[in-house]
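> Protein chains in written order, with the numbering used here: chain A, 1 to 328; chain B, 1 to 95; chain C, 1 to 251.
Note that these hints are calculated values from the structure, not bench results. Check the hints yourself; a few may be wrong.
Said to hold, decoys possible - With a cut-off of at most 16 Å between alpha-carbon atoms, the simulated EDC-like pairs for lysine to aspartate or glutamate come out as follows:
1. K240/A / D215/A
2. K226/A / D215/A
3. K169/A / E48/B
4. K322/A / E47/B
5. K131/C / E47/B
Said to hold, decoys possible - Part of the chain B face toward chain A, derived, beta carbon under 8 Å:
6. N4
7. D31
8. N50
9. I60
10. V61
11. P65
12. P89
13. V92
14. M95
Note that beta-carbon positions come from the ideal geometry of N, C-alpha and C, so glycine has one too.
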Amino acid sequence: MYSQGLIGADTATKETAEFLAEFQARIDAEEKIEPNDPMPQAYRNTLIRMIGQHAHSEIVGMLPEGNWITRAPSLRRKVALLAKVQDEGGHGLYLYSAAETLGVSREQMTEELLSGKAKYSSIFNYPTPTWADIGAIGWLVDGAAIMNQVPLCRCSYGPYARAMIRVCKEESFHQRQGYELMKSLTEGNEDQKAMAQDALNRWWWPSLMMFGPPDSDSQHSDQSMKWKIKRFSNDELRQKFVDATVPQAELIGLTMPDPDLKWNNSLNNGAGGYDFGEIDWDEFWRVVKGHGMMNKDRIRARKKAWEDGAWVREASLAYAAKQKANAA
Amino acid sequence: MTENLMPLWEVFIRPRNGLNHKHVGSVHAADAAMAMQAARDVYTRREEGNSIWIIPAASIVASDPANAEENFDPASDKIYRHPSFYDIPDDVGHM
Amino acid sequence: MNPDPLLQTVVQIADDHLILGHRLSEWCGHAPMLEEDLSMPNMALDLIGQARALYNYAAKLENKDRTEDDFAYLRSDREYTNCLLVERPNTDFAYTMLRQFYFATFMQPFWQSVSSGTDETLKGIAAKAYKETGYHVRHSGEWIIRLGDGTEESARRMNDAVAELHPYTDEMFTADAARQYCIENGAVPDMQSIQAIWNNNISQVFAQARLTIPKTPYPQTGGRQGQHTEDFGFLLAELQYMQRSYPGAKW
């Protein structure tokens with residue numbers, strides 16, 4: 001369910017100019033590209049990396065929220081959270097499958113995640129110390145993800161677009177779940193209100209960073225837009241998210257942690273929108289490069305699950321092989 | 001850390017009786033029983049269907065996109081296969 | 001029917017389901033493969049759903065304005081009457097699947113019988129739970145066979161799990177006075193008939209899994225009287241953390 005601006009895509013191409021022009025013509029005609037179709041190697045590489053990052057983000061994203069499944073404060077909240085984290089596992093699975101159509105195995109992608117070679121959304125390297133973080137993640141992180149993902153349903157690569165349609169459909173409850181949770185806290189006692197505001201304070205800026213570096217620094221965006229892998233730039237999506245979210249915060253009596261936030265009539269071609277303060281890109285890059293509070297813990301948890309599960313996967317393969325031999 | 005690959009299975013779901021099974025995605029599993037349960041757990045969490053087919057992805061034979069034009073273009077001018085090709089008097093009503 | 005023995009029995013069954021669902025939910029995000037990260041929460045959601053239906057019924061029987069959450073979150077350890085089997089820690093995937101298989105194989109004939117029993121509310125809960133439990137039996141049973149007859153390591157782990165968990169299975173078939181009352185009223189089945197079905201089903205799967213049913217001269221019991229293992233305190237500490245830290249708050 002989560003994607004962020006693509007980090008470090010390889011856009012080198014070796015194909016002839018005619019081939020590339022023909023491919024571009026298909027894209028421009030809004031034709032979908034399917035797994036066996038000829039495609040520039042760079043298109044393939046970009047997609048593998050982008051879908052892989054997206055899948056890893058879903059899987060790592062299970063951890064910060066999973067952290068609260070056993071401590072959810074009511075049975076209603078517990079089943080909702082469990083179902084949501086489970087959905088994220090499903091979304092990772094759909095996305096790995098989409099990437100596999102490009103000739104990379106899930107095992108390969110997993111190894112790249114565990115070795116640190118592959119990236120995932122840096123938002124999940126922040127901790128979830130309180131229950132309100134579960135609300136903030138659903139509302140803000142899923143909200144930001146939806147902004148990113150809805151346009152991806154029209155991505156030029158068929159399997160990715162189809163996976164995203166399924167993800168978006170399932171995810172419609174995630175953001176509502178988070179917002180409702182936040183709302184219940186703001187209607188609660190002083191401790192609960194403070195918990196909600198504190199979570200918003202901690203998650204607001206990282207969720208703006210989820211859209212990736214500003215367009216001025218993002219060297220790979222142009223090619224991805226040309227190939228209709230992405231449909232909107234990082235900054236466009238970020239602005240859309242801010243404009244949608246600020247009124248939602250006001251409605252439940254929460255304050256955005258940004259003194260520079262103010263309405264500006266001239267934004268969005270005169271339709272108006274919110275100016276917002278400077279994003280701390282140093283923090284973004286620090287976390288992307290592995291120095292967030294939870295980077296090491298996240299990878300350690302994934303490694304442990306993968307390594308502890310090895311004997312189970314091996315046993316199932318061994319059993320299947322025996323059954324096959326017996327049947328022959 | 002290289003390990004044997006867990007086979008890939010393609011999953012088809014029939015939303016309800018009267019409709020075709022439709023491809024919905026894939027799962028990894030060592031054998032058919034495991035793939036069937038995974039398909040159920042992954043793809044029918046929201047009442048998406050009442051029947052599942054699973055097929056080892058390796059068993060699927062796909063047409064070659066390089067042959068797409070010779071495979072599919074020849075049908076495009078055979079308009080006499082469609083009812084609108086034939087002129088009949090309006091008075092005859094629906095036919 | 002006198003509501004007290006029924007209430008006590010309903011809470012016992014509810015506790016079994018809540019605690020096992022809670023244990024299973026601990027796996028979410030840490031499973032041996034992604035597909036299993038979806039399967040285990042599916043079973044956990046079934047179990048917690050069944051627990052909620054049962055706690056709501058208990059609240060109605062008790063008629064003291066307690067809610068499902070009051071039952072689930074606001075009792076002391078001695079007031080939980082789940083059998084010890086369901087609170088045993090996850091340990092590894094072999095333990096988890098075996099614990100699931102033991103319990104689901106018990107609940108399947110149990111729910112089947114309750115669905116044609118004398119208590120209307122339980123009948124409704126049982127009809128739905130029976131189907132869900134059937135899937136749990138199949139899913140966990142297949143894993144028992146796969147792991148028992150997989151590799152040397154998986155067979156060793158499966159055997160370890162059987163040796164450790166089997167002594168906890170007897171408690172499922174015990175019936176205290178309240179349960180006995182409900183059995184006599186026809187609300188729940190008698191334990192001997194369930195045990196016979198259970199033994200038969202376990203034997204069949206164990207034979208395919210190359211596992212042997214161990215003799216258990218010293219069964220482990222106590223949960224039904226509120227006497228729990230040490231792990232249970234930590235489970236409750238997590239489960240109840242929010243409700244205990246913020247008394248009276250609504251979530």
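> Determine for every hint whether it applies to the structure shown.
Hints and how they fare:
1. K240/A / D215/A: Given pair K240/A, D215/A holds - Cα atoms ~15 Å apart, limit 16 Å.
2. K226/A / D215/A: Holds - the C-alpha atoms of D215/A and K226/A are around 15 Å apart, at most 16 Å.
3. K169/A / E48/B: Holds. K169/A to E48/B sits at ~12 Å (cutoff 16 Å).
4. K322/A / E47/B: 35 Å, violated
5. K131/C / E47/B: This hinted pair holds, its Cα atoms lying about 15 Å apart.
6. N4: 6 Å, holds
7. D31: 4 Å, holds
8. N50: 18 Å, violated
9. I60: With a closest approach of 11 Å, the I60/B hint is violated.
10. V61: Since chain A brings no Cβ nearer than about 12 Å to V61/B, farther than 8 Å, the hint is violated.
11. P65: 5 Å, holds
12. P89: This hint is violated: P89/B lies away from chain A, its Cβ roughly 41 Å from the closest one there, beyond 8 Å.
13. V92: Not OK, violated: V92/B not within 8 Å of chain A, min 41 Å.
14. M95: Violated, because the Cβ-Cβ distance from M95/B to chain A comes to roughly 37 Å (cut-off 8 Å).
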